[in-house]
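Novice: Residue-level listing of the chains:
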Amino acid sequence: MKQFGTFVMKEFHHIFRDRRTMLILLGMPIIQIILFGFAITTEVKNANIAICDPSKDIATERIIERIKASEHFNVTTILNNPDKITALFREGKTSMVICFSERFNENLLHSGNAQVQLIADAADPNTATTLTNYASAIIGSFQQDLMTQINIPFVISTETKFLYNPQMKGAYNFVPGVLGMILMLICAMMTSIAIVREKEMGTMEVLLVSPMKPILIILAKLVPYFILSFTNLITVLLLSVFVLGVPVAGSLFWLIMVSMLFIFVSLALGLMVSNITETQMAAMLISGMAFMMPVMLLSGMMFPIENMPVPLQWLSNIIPAKWYIIAVKNLMIKGTPVSSVIPEIVILSVMVLALLAISLKMFKNRLE
Amino acid sequence: MKVIEAKNLVKRFGTFTAVDHISFEVEKGEIFGFLGANGAGKTTAMRMFCGLSKPTSGEGSVAGFDIKKHPEDIKKNIGYMSQKFSLYNDLKVWENIRLFAGIYGVSENQISIKTTELLQRLNFEQERETLVKDLPLGWKQKLSFSVSILHHPKVVFLDEPTGGVDPVTRRQFWELIYEAAADGITIFVTTHYMDEAEYCNRISIMVDGKIEALDTPKNLKQEFNASNMDEVFQQLARKATRKSD
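The listed protein sequences correspond, in order, to chains B and S. So the first sequence is numbered by numbering that gives the first Met the number 0: it starts at 0 and just counts up by one. So the second sequence is numbered by numbering that gives the first Met the number 0: it starts at 0 and just counts up by one.
So here's chain B without its partners, still in its complex pose (with noise of 0.2 Å):
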């Protein structure tokens, strides 16, 4: 037990006498947390729409008010007629055109019907789809205000209710994508550079043949990477409750519990990479293609996987930060009980259990 205390000691001497790396590894996850919350976002503030107007009356009037005020929109232009909006697109500065028929008023106080246009840039598609819907929801919500005064009998009106999220923040969406994702990193790539560097460098010979046990040599390499991350854990954690104000809705005894599982199969996959691999940049390679890249885009961190073509739907299955952010969107975002997560939990403990089983007898494959 004393030699694995020298030999935790030394991993940690290996781990803070490397300043850069060492600041990577504590300072990725808050830049993360405060790009994917504030920068990388769906949600889109302070677009540029012209208005066009050509009757000028006091609905429109109270319409352009209420659009002025939204912080998603900024009015750059009011057009008289709609000539101009075909130029105004190609300059391309504006991302949508709000467009009155003409005697707006008139026709809605005594035809009941009058129309207005959401002309978007398509360009982007998610961006013009959020755009209209954000127009739709101001002229809907002037619409309904206007029919609570004038009283009109049987009137089905929508309303459209966000649970969960109901500001439709991105960051609801982004926290446990990055928590997969930081905790990806740090075990399976760090641990697997770190235990390939001693065998690129002849020090892995030299503790094969001391009395110390092949398996402790190992779980000593483990020992201060589940430590940094169950930090990072901790500091996205609160980041995010404290800036990004996403609330742990759940339980955050079992978010953690579920996180450390997470952190487990991550070292696991670290450790196989490590012997199948001879140098650190082979190491650094295939961490970083075969896991950073599929959790960034399969785990449904980014895209839905229900979007995905079926074959790729399966592989998806396989990533395990894919269970891992299902979870976590269930126990922080949500607050549902443990028991809604009880499949992801049994999926990743048959993964841990696989690969440690895996790495550990390839690692004693390789001694002989």
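In short, the hints are calculated from the structure, not lab data. One or more of the hints may lead you astray.
Said to hold, decoys possible - With a cut-off of at most 27 Å between alpha-carbon atoms, the simulated DSSO-like pairs for lysine-lysine come out as follows: (1) S/LYS113 with B/LYS212; (2) S/LYS1 with S/LYS53; (3) S/LYS153 with B/LYS212; (4) B/LYS360 with S/LYS75; (5) S/LYS153 with B/LYS1.
All of these numbers come straight from a predicted model, not from anything done at the bench.
With chain B held as given, fit chain S onto it using these hints.
Specialist: For chain S alone, coordinates are given in the frame of chain B:
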């Protein structure tokens, strides 16, 4: 007393026989040179003696323990140093000493006594807090050797310990080896430097997995009618059919 014994040791990888029926004995306190061209099977043989790989057939013992049955006991009683490895670069001198002493089970108060002793003997006291990467290569090798015998093993295996080191430092390194041998530690050393081979008590030369010659440097020179060990080595190595890697 025999510290290393090998009887018809064979190691095969598939159809390739890396080590082909080697037999020899090494006495306590002897400096035994283990020579051979690259690919002759030196490293494979050495790995078997260190308990890292099991022989395909034949018998062997190191420090009184069977290499097939008790590799773990062997590991406790040997030291190991190679050219490729000289300590951890990002650890300080004393931390390296502490780490390896700890791994070999040297007790806590013994560690501090031995550390001071070792640093004094090498004249390294002022380098105690230095990171190993800031030491010159020759110093590293000397330190590395001293660390490998800190737990006073019965045998120490040195795998090309002086590779890339200047002649003066090599000379000093061999003085350390002589001191250790006088202390009763058996030295098992591989080298490519033929002048170093002359420093050994006895030498074996491996060619294509077999031991082709084994005697004192003096006798070998007589036998092969050569003026130095280099000529002896050249005559034997020329017979090799295996390609070096």
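Novice: The structure should be examined with respect to each hint, and the outcome stated for every one.
Specialist: Checked hints:
no., hint, in the structure
1, S/LYS113 with B/LYS212, "holds, 24 Å"
2, S/LYS1 with S/LYS53, "holds, 21 Å"
3, S/LYS153 with B/LYS212, "holds, 20 Å"
4, B/LYS360 with S/LYS75, "holds, 25 Å"
5, S/LYS153 with B/LYS1, "holds, 23 Å"
Violated hints for the displayed structure: none, as all numbered hints are satisfied.
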